[in-house]
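Starting from the given sequences, assemble the full structure and let the hints guide the process.
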Amino acid sequence: MSHLDTITLSYPGKKEPVTILDEISPSPLNPVQTFEPNQLYHGDNLGTLKALLADYRAQVKLVYLDPPFATGRTFRNRGVEVYRDEVIGSEYLEFLNQRLVFCKELLADNGTLYVHLCPKMAPYVRILLDELFGRKPYHRTIIWKRTGAHANAHSYGNVHDVILFYPKTRGFQFKPDYQPYPKNEIHKRFPHVDANGRRFAAGDLAGESLKTAHDPAYRYDWNGHHRIWRCPRQTMERWSQEGRIYYSRTGLPRKQRFQDEQVLLRGWFY
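Take the sequence shown: its position 4, counted from the start at 1, is 4 in this note's numbering, and no numbers get skipped.
Please keep in mind that the hints were generated in silico from the structure rather than gathered at the bench.
We put the CB at the ideal spot given by N, CA and C, even for glycine.
Incorrect hints may have been included.
To be verified - Simulated restraints, written as ranges between beta carbons of each label pair: (1) 109 with 144: 23 to 29 Å; (2) 85 with 208: 47 to 53 Å; (3) 155 with 31: 42 to 48 Å; (4) 226 with 185: 33 to 39 Å; (5) 224 with 156: 46 to 52 Å; (6) 175 with 18: 30 to 36 Å; (7) 173 with 196: 33 to 39 Å; (8) 263 with 170: 20 to 26 Å.
Said to hold, decoys possible - BS3-like, lysine-lysine: derived pairs with alpha carbons at most 30 Å apart: (9) 145 with 188; (10) 104 with 61; (11) 50 with 136; (12) 120 with 50; (13) 61 with 145; (14) 15 with 136; (15) 136 with 61; (16) 175 with 211; (17) 14 with 50; (18) 145 with 120; (19) 120 with 104; (20) 136 with 175; (21) 211 with 255; (22) 61 with 120; (23) 61 with 175; (24) 15 with 104; (25) 50 with 104; (26) 104 with 14; (27) 211 with 136; (28) 120 with 136; (29) 175 with 145; (30) 145 with 104.
Below you can see the structure in the form of structure tokens.
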């Protein structure tokens, strides 16, 4: 177990998951709107989440939470009060903790949880989620740039929100949203052109800084250069046969990454 697995968040009023699951009472499930196979409920979602466990435990594929941001502010629209974001501090953390416990219980093994937060509270909530789900390499923090730059002479502008991405297990479903490289960046990112006119970038094949650096299979001679490589010899030979090795003026091999095979994972912009 990593020493990071022992990190926990302590605050007044924090309850254990088993206590939360036992103490919270279910609310009556009276949907205000039904559109098969979905239903819309209105009210405090804590009791509703408890009630849903009876029929949907470990069956939900996606949970998206957009809770308050713990600002302590009252929001108005054209002078009319529309919302009070009054729950702050430890009360806010426990407010979320209880709902996250039920969300985990509802998630299917291949389900995913997204939690939309402000940057100030996201680090604390991430620790809560690590306690519930464990620290896993496939958990992610998504930065959503929701607005343009704000003029601020004293600090960096507040231009983004945070979305924490927590699959229940490694078997989660994920369909990436790709976009092509912007035309004005292609020549900069892919400066080389092969004999067939395909643009490519030459990727570094040095492996001294990788965790495989102590594996003897990654240390060998290639084209007059003896060093630790990013891949074993069998992979280097395969790339060479496929015409995917580019040699510098000194004969140093580099991996060809062709522009027509590369795409960008679409960013989250407002």
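**Message:** Check the hint pairing residue 120 with residue 50 against an upper bound of 30 Å on the C-alpha distance.
**Reply:** Holds, at roughly 29 Å.
**Message:** Given the hinted pair residue 50 and residue 136, is their Cα-Cα distance within 30 Å?
**Reply:** 26 Å, holds
**Request:** Starting from the hint 20 to 26 Å, judge whether the C-beta atoms of residue 263 and residue 170 obey it.
**Result:** Hint holds: Cβ distance 24 Å, inside 20 to 26 Å.
**Asked** Is the straight-line distance between the alpha-carbon of residue 145 and that of residue 120 30 Å or less?
**Response** The given pair, whose Cα atoms are some 15 Å apart, holds under the 30 Å limit.
**Prompt:** Holds or violated: residue 15 with residue 136, Cα cutoff 30 Å?
**Reply:** With Cα atoms ~23 Å apart, residue 15 and residue 136 stay inside 30 Å; holds.
**Prompt:** Given the hinted pair residue 136 and residue 175, is their alpha-carbon gap at most 30 Å?
**Reply:** It holds: about 19 Å lies between the C-alpha atoms, which stays within 30 Å.
**Pair hint residue 104 and residue 14, alpha-carbon separation not exceeding 30 Å** = With a Cα-Cα distance of about 17 Å, the restraint between residue 104 and residue 14 holds, given a limit of 30 Å.
**Asked** Taken at face value, is the distance from the CA of residue 104 to the CA of residue 120 at most 30 Å?
**Response** The hint holds at about 23 Å.
**Asked** Between residue 173 and residue 196, is the Cβ distance one that fits in 33 to 39 Å?
**Response** About 37 Å separates the Cβ atoms of residue 173 and residue 196, which means 33 to 39 Å holds.
**Prompt:** Is it true that the C-beta distance of residue 224 to residue 156 lies inside 46 to 52 Å, as the hint says?
**Reply:** Distance hint for residue 224, residue 156 holds at roughly 48 Å.
**Message:** Quick check: does the Cβ-Cβ distance between residue 85 and residue 208 fall within 47 to 53 Å?
**Reply:** 50 Å, holds
**Message:** residue 61 and residue 120 were given as a pair; does the straight-line alpha-carbon distance stay at or below 30 Å?
**Reply:** 28 Å, holds
The structure meets every hint from the earlier list without exception.
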